[in-house]
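Enquirer: Listed here are the chains, written in short residue letters.
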Amino acid sequence: MDVKRIGGIAVAAMVASAGPAFAEGSLNIYNWGNYTNPDLIEKFSKEYGVEVTVTDYDSNTTALTKIEAGGHGFDIVVPSASYIQIYVGKGLLMEARPDQMENFKYMDPKWVDVEFDPGRHYTVPWQWGTTGVAVNTSVYSGDPNTADIFLNPPEELVGKVNVVPEMNDVMTMAELYVGAEQCTTDKEKLKEVRDILMAAKPKWIAMDYGTTEKLSKGDLMASVNWNGSTFRARLNNPDVVYGYPVTGYPVWMDNVAILADAQNVENAKLFMNYIMAPENAALISAFARYSNGIMGSDEFMPEDMKTAPEIVVPAEFAGKGVFTKECPPESQKFRTAIWTELTK
Amino acid sequence: MADTLSDDVLRRAAERAQSKRFDVRTMPGFTTIAVICFIALYAPLFPMAFYSFNAGDSIAVWQGFSWRWYVSAWSNDLVKDVTVRSLIVAACASGIATVLAVLAALGTTRTQPFRGQTLIYVLINQPLMVPEIVTGVALLVFFAMIKVATGYTGLIYLIAAHAAFCIPFAYLPIRARLEGMDKTLEAAASDLYATPIQAFRRITLPLMTPGIVAGAMLAFVISLDDVVITELVKAAGQDTLPTYMLGQLRRAITPEINAISTALLAITVVLLTTIFFLTSKKE
Numbered sequence: 001m002d003v004k005r006i007g008g009i010a011v012a013a014m015v016a017s018a019g020p021a022f023a024e025g026s027l028n029i030y031n032w033g034n035y036t037n038p039d040l041i042e043k044f045s046k047e048y049g050v051e052v053t054v055t056d057y058d059s060n061t062t063a064l065t066k067i068e069a070g071g072h073g074f075d076i077v078v079p080s081a082s083y084i085q086i087y088v089g090k091g092l093l094m095e096a097r098p099d100q101m102e103n104f105k106y107m108d109p110k111w112v113d114v115e116f117d118p119g120r121h122y123t124v125p126w127q128w129g130t131t132g133v134a135v136n137t138s139v140y141s142g143d144p145n146t147a148d149i150f151l152n153p154p155e156e157l158v159g160k161v162n163v164v165p166e167m168n169d170v171m172t173m174a175e176l177y178v179g180a181e182q183c184t185t186d187k188e189k190l191k192e193v194r195d196i197l198m199a200a201k202p203k204w205i206a207m208d209y210g211t212t213e214k215l216s217k218g219d220l221m222a223s224v225n226w227n228g229s230t231f232r233a234r235l236n237n238p239d240v241v242y243g244y245p246v247t248g249y250p251v252w253m254d255n256v257a258i259l260a261d262a263q264n265v266e267n268a269k270l271f272m273n274y275i276m277a278p279e280n281a282a283l284i285s286a287f288a289r290y291s292n293g294i295m296g297s298d299e300f301m302p303e304d305m306k307t308a309p310e311i312v313v314p315a316e317f318a319g320k321g322v323f324t325k326e327c328p329p330e331s332q333k334f335r336t337a338i339w340t341e342l343t344k
Numbered sequence: 001m002a003d004t005l006s007d008d009v010l011r012r013a014a015e016r017a018q019s020k021r022f023d024v025r026t027m028p029g030f031t032t033i034a035v036i037c038f039i040a041l042y043a044p045l046f047p048m049a050f051y052s053f054n055a056g057d058s059i060a061v062w063q064g065f066s067w068r069w070y071v072s073a074w075s076n077d078l079v080k081d082v083t084v085r086s087l088i089v090a091a092c093a094s095g096i097a098t099v100l101a102v103l104a105a106l107g108t109t110r111t112q113p114f115r116g117q118t119l120i121y122v123l124i125n126q127p128l129m130v131p132e133i134v135t136g137v138a139l140l141v142f143f144a145m146i147k148v149a150t151g152y153t154g155l156i157y158l159i160a161a162h163a164a165f166c167i168p169f170a171y172l173p174i175r176a177r178l179e180g181m182d183k184t185l186e187a188a189a190s191d192l193y194a195t196p197i198q199a200f201r202r203i204t205l206p207l208m209t210p211g212i213v214a215g216a217m218l219a220f221v222i223s224l225d226d227v228v229i230t231e232l233v234k235a236a237g238q239d240t241l242p243t244y245m246l247g248q249l250r251r252a253i254t255p256e257i258n259a260i261s262t263a264l265l266a267i268t269v270v271l272l273t274t275i276f277f278l279t280s281k282k283e
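Protein chains in written order, with full-length UniProt numbering: chain A, 1 to 344; chain B, 1 to 283.
Please note: incorrect hints may appear among the correct ones.
[What the hints assert, rightly or not] Straight-line C-alpha distance at most 25 Å; calculated BS3-like pairs for lysine-lysine:
no.: 1; chain 1: A; residue 1: Lys-187; chain 2: A; residue 2: Lys-344
no.: 2; chain 1: A; residue 1: Lys-90; chain 2: B; residue 2: Lys-80
no.: 3; chain 1: A; residue 1: Lys-191; chain 2: A; residue 2: Lys-43
no.: 4; chain 1: B; residue 1: Lys-80; chain 2: A; residue 2: Lys-43
no.: 5; chain 1: B; residue 1: Lys-80; chain 2: A; residue 2: Lys-46
no.: 6; chain 1: A; residue 1: Lys-105; chain 2: A; residue 2: Lys-90
no.: 7; chain 1: A; residue 1: Lys-269; chain 2: B; residue 2: Lys-147
[Stated by the list, open to error] Derived Cβ-Cβ restraints for the label pairs, each shown as a range:
no.: 8; chain 1: A; residue 1: Arg-97; chain 2: B; residue 2: Thr-150; range: 53 to 61 Å
no.: 9; chain 1: A; residue 1: Arg-97; chain 2: B; residue 2: Val-122; range: 30 to 38 Å
no.: 10; chain 1: B; residue 1: Gln-126; chain 2: A; residue 2: Gly-91; range: 31 to 39 Å
no.: 11; chain 1: B; residue 1: Asp-225; chain 2: A; residue 2: Glu-316; range: 48 to 56 Å
no.: 12; chain 1: A; residue 1: Gly-91; chain 2: B; residue 2: Thr-150; range: 18 to 26 Å
no.: 13; chain 1: B; residue 1: Val-134; chain 2: A; residue 2: Glu-47; range: 39 to 47 Å
no.: 14; chain 1: B; residue 1: Ala-49; chain 2: A; residue 2: Val-312; range: 50 to 58 Å
no.: 15; chain 1: B; residue 1: Gln-117; chain 2: A; residue 2: Gln-85; range: 38 to 46 Å
no.: 16; chain 1: B; residue 1: Leu-103; chain 2: A; residue 2: Glu-68; range: 52 to 60 Å
[Unchecked claim] Far from chain B, some chain A residues (derived; all Cβ distances over 10 Å):
no.: 17; residue: Val-54
no.: 18; residue: Asp-56
no.: 19; residue: Val-114
no.: 20; residue: Ser-138
no.: 21; residue: Pro-154
no.: 22; residue: Glu-213
no.: 23; residue: Pro-309
Since the hints were made in silico from the structure, they are not lab data. Heads up, the beta-carbon is just placed ideally off N, CA and C, and yes, glycines get one too.
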């Protein structure tokens, strides 16, 4: 009896869970974990009567692998900028033409003609952020907007600087610092990059994550750090400031795209258009605390984010950002070699 | 009589001396190594559990005791949703795995030894030896083909995958139990005109029950804890508790994840302790 009942429940559960994937009016979003504001999903569901599921992934590679295999049942995915061309190249994305959608007018023009999706035929920004330097002003009162903070630390910061162990971010900053391009293969420039990093390393205290905590507590007086993390550290400790290296700093962006084999294309397009509306984009940012790339969303944002210099890039540094990309194999080889030596 | 007695005593004393000499516990460094191993295994769990009771937002700065994060995890609908799904998958998968494991255990212990028996052991225990990521990728590709062909993407794929890798975990305790059981009882039942089915139902099955329960619980825990295969096999809306937790890691971690981990750890410890008592009852 009991066994039968349990079996019945299990079968019912299986059938129920199979339901939404095919029901009229559903939408299956595949996004980074802890990244989607439940309020946004609820609002969208209510307005359009669409049942939405959000499923998590933890890395671009996991998402790409599952989508490439097919049969996943997802309609929308949110890959990082560096992965968009890989998706497009493999024919995994639908040319949904968000540039022809009603709310496209709200997209910040500086994010329209991006290298990874010129004219925005495939994707819409979800959130974006920067990698810069965080400095504690109680120790260092100079200009924070320089990569010198970690590549040539000023006297006050020697032995107090942390570098996050993210090869692509750190190498991009160092390459830009010596005046090279991202993913350079120029051996002289690479030698310069290597020498600067090796000379700076003894002046660092660590190469670690967990910067939000340590900057807040004052365990670290400076660090290569992400803007969102620095923002949270500053809310805990007002002495922390965020610097945008004038030689150039990495920019990342996660983008909403519709999958080529999506089952609920119309709902996916509705959602794409929906999140370009400023008040909805603001909901995305309010939850995950990064900028969204939609003009006019600021006024709907939480008070503490509206004016945060970590979130709103000051005009003078706005043009210095460089989209991080996956380097071609040759430059990747050089980067890895330098990185291995550095982290030894 | 007295002679044999003293002989006996002497022999036992000699045995004791010998067994003492070869007792690993008296080997130099045994205690040190054991202590280091236990510390390495368990020390990292304490800070995690400790900070789950933190009143503040941090997982590294103590700001006083509070149940806050347990309350927050408990009232988080997403956590509830994924926990229920984890339990459904674990219950179904361990149920299927246990039934198959019982059959396999009977087939490999209550029959005449046959050619290729070792091969059968290897086949049954394959999930223990093949790296999880290999199985995961294989299942991903295989299930994707079925999903595309049939259009069905329900929870059944996850349950099937879990059941497959749970089989050896259920099989090993059941087989151990069967091997340790006195076969003469079953023979006696047959002598007393019990049909094979009666003998199985009245004698073998009750005697092997502790093994079955232990195997089922172990399979349940293994299914509940699985990340890699689940991450690759899950379809839309099929996050389980571990894959949900993995997804949290990209952004700032709050003690909520510590609270969930600690609760999961507590459940695992309770189940494993039960298994331990069930299987050690005989000694």
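Enquirer: Run the structure past the numbered hints and jot down the numbers of the failing ones, going up.
Expert: 2, 3, 6, 8, 9, 14, 15, 16, 17, 18, 22
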